[in-house]
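Hey, can you work out the whole structure from these sequences and the hints?
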Amino acid sequence: MTVRTYVKSTLLASLVALALGGFLLHLRIHPFTHSPSKLIPFVSGLLSLVLVPLLFSFRKTLSYGYVLNGMLVILGTVAMAHFSISNWPKPVSVGAILLKTTLADIALLWGKFFVGKALFDLELYGYDRDQAKKGITCRYPNYGWWMVHLVVLSLVYYLGHLVWR
Amino acid sequence: MNKFRLFTRNWWVLHVIAIAFFFWLGHAVHLTIVP
Chain G
1 MTVRTYVKST LLASLVALAL GGFLLHLRIH PFTHSPSKLI PFVSGLLSLV LVPLLFSFRK
61 TLSYGYVLNG MLVILGTVAM AHFSISNWPK PVSVGAILLK TTLADIALLW GKFFVGKALF
121 DLELYGYDRD QAKKGITCRY PNYGWWMVHL VVLSLVYYLG HLVWR
Chain S
1 MNKFRLFTRN WWVLHVIAIA FFFWLGHAVH LTIVP
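Chains as they are written, first to last, in the numbering used here: chain G, 1 to 165; chain S, 1 to 35.
Since the hints were derived computationally from the structure, they do not count as laboratory data.
All of these numbers come straight from a predicted model, not from anything done at the bench.
Among these hints, one or two may not hold up.
To be verified - Interface residues of chain G toward chain S, partial, derived using beta-carbon atoms under 10 Å:
#1 36
#2 37
#3 40
#4 74
#5 124
#6 141
#7 145
#8 147
#9 148
#10 149
#11 153
#12 156
#13 157
#14 162
#15 163
#16 165
Beta carbons: idealized from backbone N, C-alpha and C, even for Gly.
Written out as structure tokens, the structure is:
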């Protein structure tokens, strides 16, 4: 086994473990129903568990896996942040924000994003430790590109919530 | 269709789908789950 295969397998296992954890946590919190609030986490969890690792496994579909993984993380972040804002802890304190909101869940979800990012970068740029990082921050596949998508999609979600009642 | 035109078309299709989906989601999610 090469180091590349070993590292790739480890990162894939991490992706599956995080996805499984999120999927089972959602099932524990609320059962699957046809309501979008419950259907979306169920479908997203299934996609994260099955499709994302599959897409990440092959070089030809690596980019699709990377984009799908990131978009599912954005979706989860926006929806869980909405949930926390709707059920804001009272009285508000730093402890309450840290422990009684979905901040912890969102942090775990971003862990899944960073694992996907590491897997994508290692596969795309290779395993040369001396290779310099290139590319413009705000362009695909760098962090700025994700930041723009997170902000814009959050705004679109908020508009849908605000305008279309 | 050349590669650039195909990429441009796919880019638009993906963005329209993503924006429509998130707009619908903002409308559709009713937070009735109480922890």
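| Structure versus earlier hints, numbers of those that do not hold, lowest first | 5, 6, 7, 8, 9
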